[in-house]
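Number of protein chains: 2
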Amino acid sequence: MRDEAEPGASGRTARSRRQLLAAGTALIGGSLAGRAIAAETGGEETPPHVPRWMKEPGADVGSQPYGQPSPYEKDVIRNIPKGGKQYTSSASRTPLQDLDGIITPNGLFYERHHGGIPEIDPAAHRLMIHGLVERPLLLTMDELRRFPTESHIYFLECSGNPGFEVIKQGKTASDLVGLASCCEWTGVRLKTILDEVGVKPEARWVVAEGADAAALARSVPLAKCLDDALLVFSQNGERLRPQQGYPVRLLLPGFEGNMSVKWLRRLNVVAEPAYSREETSKYTDSMPDGTARQFTFVMEAKSIITRPSGTQRIAEGFNEITGLAWSGRGRITGVEVSVDGGATWQSARLQEPVLNRAFTRFRLPWTWDGQPATILSRAIDETGYVQPSFADLTAIRGMKSFYHNNAIVPWRIAADGEVSNGYV
Amino acid sequence: MRDEAEPGASGRTARSRRQLLAAGTALIGGSLAGRAIAAETGGEETPPHVPRWMKEPGADVGSQPYGQPSPYEKDVIRNIPKGGKQYTSSASRTPLQDLDGIITPNGLFYERHHGGIPEIDPAAHRLMIHGLVERPLLLTMDELRRFPTESHIYFLECSGNPGFEVIKQGKTASDLVGLASCCEWTGVRLKTILDEVGVKPEARWVVAEGADAAALARSVPLAKCLDDALLVFSQNGERLRPQQGYPVRLLLPGFEGNMSVKWLRRLNVVAEPAYSREETSKYTDSMPDGTARQFTFVMEAKSIITRPSGTQRIAEGFNEITGLAWSGRGRITGVEVSVDGGATWQSARLQEPVLNRAFTRFRLPWTWDGQPATILSRAIDETGYVQPSFADLTAIRGMKSFYHNNAIVPWRIAADGEVSNGYV
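One line per chain: the protein sequences are B and V, in this order. The opening position of the first sequence corresponds to residue 1 in full-length UniProt numbering, with each subsequent residue numbered one higher. The opening position of the second sequence corresponds to residue 1 in full-length UniProt numbering, with each subsequent residue numbered one higher.
Just chain B, same shape as in the assembly (with noise of 0.2 Å):
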């Protein structure tokens, strides 16, 4: 049942189950032997004694209307930067290093702001569109909703995930990567709202701002606009977190998170972008002859193994490589891992069913010897495109940007078993 839950990965799976049932039993063989002779004695809270927490009825049902983590997971948060000036302009990352799977829980979803979140009654806001249309339009969010729905898993990723100067600096893989998420979002295409209104002939662009304090402002090419770009009410079921741009965002998948203007408030369908700060100052990569490159929308092949990962330690025998993979460009083909330095590569085992511009969950059984060693993945997507090294990377783009870094992470695995930044 196996290979029918996996379709296309029977292959891979096949010589997977081989190696990890050799390593399995390895592993029950060594430190799991003693664990069984334990079960006869066993500890206070071990069977065969029966543990505290079984001699005495638990919590209520409904004791929390709104479900919150176990308190032993309280570490589990945001990471967000020590130190910094303000926090009305700054980031929180997602502990990627912590979760498991592909869909990443609203409460820890990363945040990117720059005027601070504000709290917004869904009664009073309004999105308005106008410029090159016919009808402009201005929508309550209860009118907005009347709309023919689509809901869609994507990743969401700040561009500037990690800086060039931090991909040398970060401890786990949260530091660095961690400015992405990705959830199931719900809402209403572009598409069918400019319809309504009726976009002008020469209209190209569509300048979308938000309701925050920075009244952030982005243009966005009509073609994307009219394609899968949505306006989103929903992420993993429930209303948008404010954090991500409650009562509505725009969407636009596989382009730069700073795009998808949240707090949405206004459409404005121009011939000519706005070049406003976030695509002039801001969001633009500077390269080594001096010129910078503008408008870079689209989120290139990335990939970022969680464990084992940075501030981790690892056992000797049978470890599973685990991690994510994500493309702007369409959908995760391949993901290559190595577990010596780059010499060697094997693909590992994609979790189906490997969606469009959402993360992609990889596997790879593998047994550490005990021996320092340094582990990389490399993601490939249905352009073809692979994910470089950080030295071929910067051979073209130079140490001068701070956006767009999709460089190979790898991992230094001590002879202690702690795992630390390659970089580094």
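All the pointers check out, no bait thrown in.
One copy or any two copies: either way a pair holds, since identical chains are not told apart in the list.
Derived DSS-like pairs (lysine-lysine); straight-line CA-CA distance at most 25 Å: (1) K85 - K55; (2) K282 - K55; (3) K224 - K200.
FYI, nobody ran anything at the bench for these hints, they're computed from the structure. Since the model is a prediction, treat every value here as computed from it, not as a measurement.
Given the coordinates of chain B, work out where chain V should sit on it, guided by the hints.
Quick look at chain V alone, frame taken from chain B:
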């Protein structure tokens, strides 16, 4: 791009889009025309005026290290029965009518407990696998995590969803079928662990026991344990919530929720079922002839329209009919919707990807003419099974049963747009 984004749905999509554009234009031609004029004057909070939340910086990044919903969504909480005798053995329901897409956020996942919610220390918790095995095993949570993992999006549903009488009493979609939720689960395939311990030839069942005050126990056929059964420690990326079995639960895709034992402490491999309380006095189906059906594991195909649904109010003109369908036997292959009380049926569009044993979101564009109407949906799964009417179901099952009611739910729409339970 819409068709590319929804492979296999192009036929229905084309038809749906024609209907929608006609309906959409009617919508704009009606109430929304007024809104377009309002844009010129604008309200206090609306463009061109600047709303108050743009006049001062918003909250800091990381003001919620673990994020919460907007205060304006405070009423979107679990649906808890009022006036119960006690709540250590009770349930709370997911507010399906307030949610979009297929993912249930962890904070709103339904609950059903028999001894309350234990607060378990994962460092002290153990999972014992014993009985008819070659090498009994006692696992810590860290040891369990060393095995190869898998992630799957599966629904989970209580078998009493709803009870036979409740279907004639519930007001909302949540009242009727809110004991069902869907999320991405990550864990270890149970087969992997059973292969490690070595199941003896005479083994036929596995008795799963929880570490709650009820020590809830259920007997599971060995065949299911060797098929797609999972030992789960994460849901929607993060660790299980205490209400869903933290730190580890059994998950049996498609089986009645009670069997996916939470707070799992023991798997006893045996030759005969345990005939526990939960499979004798409870979770059996009383038939008209006085006999009882036992071990009725699989949740049959079901669907519910979530918008419009009970206690909601709709306006004349375009309304998207949307809801959820699922089957314990595999994929949903179709959902048919009737807007004339069952006289005629139309195929709804299924949101891709349609996943095995997961919620499937369906949608149908509809223009309401303001006349009283009754709307219904029926699910069809990959086995060809069609969701029955309550009359057809009770003709065979009678009214003495409580569990496994998967009857069609009709919603009555009054001339004023008020939506109510068609059975009341």
